[in-house]
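Chemist: Sequence:
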Amino acid sequence: MAEAEIDLVVNAFERTYRETLTPGVFPRIEEENRRRFARKVALINNVADPADARSRAESLVGRGEIDAFFFVADRLERALRTCSLTRAELGRIPHYSDCALVAVTLEGSPFLLYWDAEVHLDRPCNWVDPAAGLMEADRRVFAANPTSWRREVDWSTFDHTGPFALGYGFSDAVFLGRRADFSRPIYRDRCLISLRYPLSHIAADFEQRVDAHMRRHRLLRATHTGVVYRHPESEGGGYPKPTLLEALRHVRNHLIVRAAARSYIDHPCLKV
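Read in my numbering, the sequence shown has 194 at position 194, and its numbers run on one by one without any break.
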């Protein structure tokens, strides 16, 4: 079977761009995944010194380590139009959605691997091609990823096929998806259990919106159980402080999720 055409898209922002746009990082990601990608793209978002970020990215293009780079701000309006969203709907946490929305709406290969700059696999493994093959064979599979270091796979799985655990859920730390599935208006679905996402009391972010869409339409996530990805546990410390109203919503959402999870109704929107 021929390798699927897959683009690698890596996000970089103020805290990470200096390391991400360093020679050797993109080759390291390819080595971790044991495959070459059709195109390697850097997305630059919310940086204090765009000129410095541009210079670093241009250097990587010159070295042949990436094929292109884009500033999220330059591509966001097009992404929002494609996905039928507005800036207002991103709330006061736009950077938890804008980079991924731009990534999935870029022109490119049929598949894309979206990769957070701080993600590492615990060992080299080509999980990507088997995942793409599964997604081609089973259209219920909407997204795929390695096993999270948080081990959600231990409680979210209801079936297995080969090295993959099948279940509901979604994370944007790293995911493989069909570009055509993500670059369309899927982002307004709602689902009670999707209120479990940590920023749902402020606004629905990309992760929450995709999770809700998948559950509403009974679409699956395939998790490769043979390799674990790791991500620093620092992100939660940077979440914005909630307003009083948002704090009340947080309590409300917690109660809703608890009640939904205890429901006897067999529906993905009511089961974690």
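To be clear, the hints were calculated from the coordinates, so they are not data collected in a lab.
Model, not experiment: these values are computed from the prediction.
C-beta: ideal position from N, C-alpha, C; glycine also.
Some hints here could point you the wrong way.
Cβ-Cβ distance ranges computed for the label pairs, FRET-style [to be verified]:
| hint | residue 1 | residue 2 | range |
| --- | --- | --- | --- |
| 1 | L245 | G62 | 44 to 52 Å |
| 2 | A247 | W149 | 41 to 49 Å |
| 3 | E136 | I265 | 17 to 25 Å |
| 4 | E89 | W149 | 26 to 34 Å |
| 5 | E31 | A68 | 14 to 22 Å |
| 6 | E136 | R34 | 13 to 21 Å |
| 7 | K271 | A247 | 22 to 30 Å |
| 8 | R230 | A68 | 22 to 30 Å |
| 9 | E58 | R34 | 40 to 48 Å |
| 10 | R28 | P185 | 30 to 38 Å |
| 11 | H160 | N126 | 15 to 23 Å |
| 12 | A73 | R18 | 12 to 20 Å |
Chemist: For the pair K271 and A247, does the Cβ-Cβ distance stay inside 22 to 30 Å?
Modeler: At roughly 27 Å between Cβ atoms, A247 and K271 fall inside 22 to 30 Å, so the hint holds.
Chemist: Please check whether A73 and R18 have a Cβ separation lying inside 12 to 20 Å.
Modeler: For R18 against A73, whose Cβ atoms are near 19 Å apart, the range 12 to 20 Å holds.
Chemist: Can the suggested window of 14 to 22 Å be confirmed for the beta-carbon pair E31 and A68?
Modeler: 21 Å, holds
Chemist: Should the hint that E89 and W149 are 26 to 34 Å apart at their CB atoms be regarded as holding?
Modeler: 31 Å, holds
Chemist: Has the hinted range 40 to 48 Å been met by the Cβ atoms of E58 and R34?
Modeler: 28 Å, violated
Chemist: Verify the CB-CB distance for R28 and P185 against the hinted window 30 to 38 Å.
Modeler: Given range 30 to 38 Å: holds, Cβ gap about 35 Å.
Chemist: Given the range 15 to 23 Å, decide if the beta-carbon distance of H160 to N126 lies inside it.
Modeler: 19 Å, holds
Chemist: Does the Cβ pair L245, G62 satisfy 44 to 52 Å?
Modeler: 49 Å, holds
Chemist: Starting from the range 41 to 49 Å, see whether the pair A247 and W149 falls in it by beta-carbon distance.
Modeler: For A247 and W149 the Cβ distance comes to about 29 Å; the hint is violated.
Chemist: A range of 13 to 21 Å was offered for this pair. Does it hold for the Cβ distance of E136 and R34?
Modeler: At roughly 19 Å between Cβ atoms, R34 and E136 fall inside 13 to 21 Å, so the hint holds.
Chemist: Lying within 17 to 25 Å: is that true of the beta-carbon distance E136 to I265?
Modeler: 32 Å, violated
Chemist: CB of R230 to CB of A68, is that within 22 to 30 Å?
Modeler: 27 Å, holds
Going through the hint list in order, the structure does not satisfy hints 2, 3, 9.
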